[in-house]
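A.B. asks: Chain by chain, the residues:
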Amino acid sequence: MSEIVLEGRNLVRDYHIGGGLFSSGRVIHAVKDVSFKVEKGKTLAIVGESGCGKSTLARIITMIDAPTAGELLIDGDKVDLVKDGLTPEMRRKVQIVFQNPYGSLNPRQKIGDVLGEPLLVNTAMPTAERRDRAMQMLLKVGLGPEHFSRYPHMFSGGQRQRIAIARALMLNPRLLVLDEPVSALDLSVQAQVLNLLADLQDEFDLTYVFISHDLSVVRYIADDVMVMYFGEAVEYGGRDRVFSDPQHDYTKTLFAATPRADVESIRARLARRAA
Amino acid sequence: MHLLEIENLVVEFETAAGPFRAVDGVSLHVDEGEVLAIVGESGSGKSVSMLAVMGLLPWTAKVTADTMRFAGRDLLSLSAGQRRKIIGKDIAMIFQEPVASLNPCFTVGFQIEEVLRVHMGLDGKARRARAIELLNDVGIPDPEQRLGAFPHQMSGGQCQRVMIAIAIACNPKLLIADEPTTALDVTIQKQILDLLMNLQAETGMGMIMITHNMGVVAETADRVVVQYKGRKMEEADVLSLFEAPRHNYTKALLAALPDRATGDRLPTISSIFNEDIDGGAPA
Amino acid sequence: MADTSTTAAAAKPVDPRLAVLREFWFYFSENRGAVIGLWVFLFVVAIAVFADLIAPYGAIDQYRDALLKPPFWQEGADPRFLLGTDAVGRDMLSRLIYGSRFSLFVGCIVVSGALVVGVVVGLIAGYAGGRIDTLIMRLMDIILAFPSLLLALALVAVLGPSLVNAMIAIAIVQQPHYVRLTRAAVLSEKTKDYVVAARVAGARPLRLMFVTILPNCLSPLIVQAALSFSTAILDAAALGFLGMGAQPPTPEWGTMLAEAREFILRAWWVVTFPGLAILITVLAINLMGDGLRDALDPKLKRS
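Protein chains in written order, with our numbering: chain D, 1 to 275; chain S, 1001 to 1283; chain C, 2001 to 2303.
Hint data in this document are derived by calculation from the structure and do not stem from the laboratory.
Note that the Cβ used here is the ideal one computed from N, Cα and C, for glycine as well.
Don't take each hint at face value.
As the list claims (entries may be wrong) - Only some residues are given here: those of chain D computed to face chain S with a beta carbon under 8 Å:
{"id": "1", "residue": "VAL38"}
{"id": "2", "residue": "ASP186"}
{"id": "3", "residue": "LEU194"}
{"id": "4", "residue": "PRO259"}
{"id": "5", "residue": "ALA268"}
{"id": "6", "residue": "ARG272"}
Turn these sequences into a full structure, and let the hints steer you where they fit.
C.D. replies: So, in structure tokens, the structure goes:
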């Protein structure tokens, strides 16, 4: 059996809303009792619509927020943010790529500094070596050395997403959380970024948690799929099983709502329309 | 005669870096009862060309065209006042961000009735009745109650329904939908698209669906115009476009769809297309 | 390739800093008033810098033979003194020229003092949130609740009247504005993905505050600094006029006004010229500040 990089056991996250002078406030259950396991080198896709708790789950996995209850294990080690805080070693193991490539890069930071920052704050590496590493990573994600000293606003969305991926990889993480990494991109650029992710996964034996609402992308990239609905994992299993034989009603609704771009469906629709 | 006919539309913007041509010689037409999809990636000028038709571009834009005719009237020669009478009444538009398209300071009912007051000249009672009827048509439950709701009290899907109600309030001949479902979830997208298609079939209005999503094109369009960097690449009916795309750019676009992936990696636009804009078009 | 082609601005081989500057100038120069304001301001700066060379006489040199002489175009003028003399025979023009130094000095010191303190306090309030935020902001609300000049007056009364104390007082009165502005900017930047990304990369709070967030909050602060520069000059003049700022015989414009008060009916020029100097300088800086806002505030930017 191959090693388990990430495991969540009965994760729960509640948010307390309001609670003013006269009201007692409400509790929102953003994530309810979610469990999963991801093997090394595999991709777990978390699918759901807005407000289903998938981004909250991403923040828990990335150790930005602590779960209200449940356990998060990375490489078999239990993470307890509240009690132990976060060690740099743990920090390095999980990195994240965000959805919006325009908000995820500091507008006042040159690309070289964006890539060098994780090394600067986590290691005692000399400047020259940081520079070399950053340059190598820049080339690896398909950008050129001339991009090193440019500012983020000079790049297109796809290029920025490449930079964000490069930054996430600077610390050699074990696990990469991809929070809708291609939903803000054009179709052609989306294909390039998905290919890049596949290449990097092969090269570094990376484990991905891929969060998306786009079923066609999920079907293409995932090994396992978890469907979330109002904070609950309503469906969890291998990709082929979930896509060929969805169990939960919500999964079925989701599949039915996804637009089809194959010729047969178009023909059927045109026939309906003519009738 | 076509409902909307545009020939050789050019839109240029004056920017700090010099003039920028967003739309470069686009010609297209829509007939009554027809759904035309304009598909393209960001920067293809698909929204700008329709905003030019609506006269909604900022003053920095320079719009020229050989022909721009709507229902037999030349839009280019109309005065701003005459144009305003057509826009919002005979041509309506809905936008990508439903929540941002509604004024947060006023109730939904007020915003629907305002359109009716400006364009239809109905009295208060008739306006209210029509507003309720419209909300009913776009599938908002309990319309009498919802008239008093503010946009922030409604979900994105419901706001888009209200936008559609406002758009169809004056029985437009042409509805322009600019990425109407991009900001919405898939299940809501399905509902909104179904609603739009039903309304279109019922009223027989012409519709232009601007989108970047090939799935939405496949689900809605009769005819498709593919744009890239401000130019028209291909125009075809929807079936032949998906079955046998003629232009290299269209081929590349379809091949990049993950649902059509066959191998381990997706074919990318650049590996097929190589900016060869003029290549592949039939002689 | 669609992905690797950069935006139009980057296509030309220009230095990115130069391109940013050029874009800034494009938006700034669209505002005609701002450009005029900039030139007037530069003119005042030049006068202040070269005061020793330009001024025909010293600021406190007295000519007992020419008391209250009118400016050159009026009857009875002394051709030696272009803008006339004051009650003790000092050349008005020279005093105005030297006075520009004090005004700019006051503006610079007050603004930089208020800016530094305000930004640091605002960053802490915005970043820390919770009780610290509440404590700081309520304190600032209390300062803001006083009429600013009155508070400055009270502070000077405690510290003792002098130009330095007046500047300290004005800086204290002004810094809540910077705190509020910084806090608001930090609150909106704090939740952005790039800050979270820096956190995930392991950056510590101090680095997040000063290296990651602060540079992105600067635009509104620059505008506020420009506008409060003029307020500082105005407040300093007001304190000087009330006898709580610079003390005679310092040629500070507000103090000059105060000294000339009793001659307002007999010799209009001793009051008018310092007043005009204040007016023109403050107006120029305000116009310039408006232009800065047009150029730096992306919300007002027209595409």
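A.B. asks: Next step is simple, just say for each hint if it's right about the structure.
C.D. replies: Evaluation of the provided hints:
1. The closest approach between the C-beta of VAL38(D) and any C-beta of chain S is roughly 21 Å, which is over the 8 Å cut-off, so the hint fails.
2. For ASP186(D), the interface hint holds, the least distance from its beta-carbon to any beta-carbon of chain S being 4 Å, beneath 8 Å.
3. Against a cut-off of 8 Å between C-beta atoms, the interface hint on LEU194(D) holds, since the closest Cβ of chain S lies about 6 Å away.
4. Evaluation of the PRO259(D) hint against chain S yields a held restraint, the C-beta minimum of about 3 Å falling below 8 Å.
5. Taken as an interface hint, ALA268(D) does not check out: its beta carbon lies about 11 Å from the nearest beta carbon of chain S, beyond 8 Å.
6. The closest approach between the C-beta of ARG272(D) and any C-beta of chain S is roughly 10 Å, which is over the 8 Å cut-off, so the hint fails.
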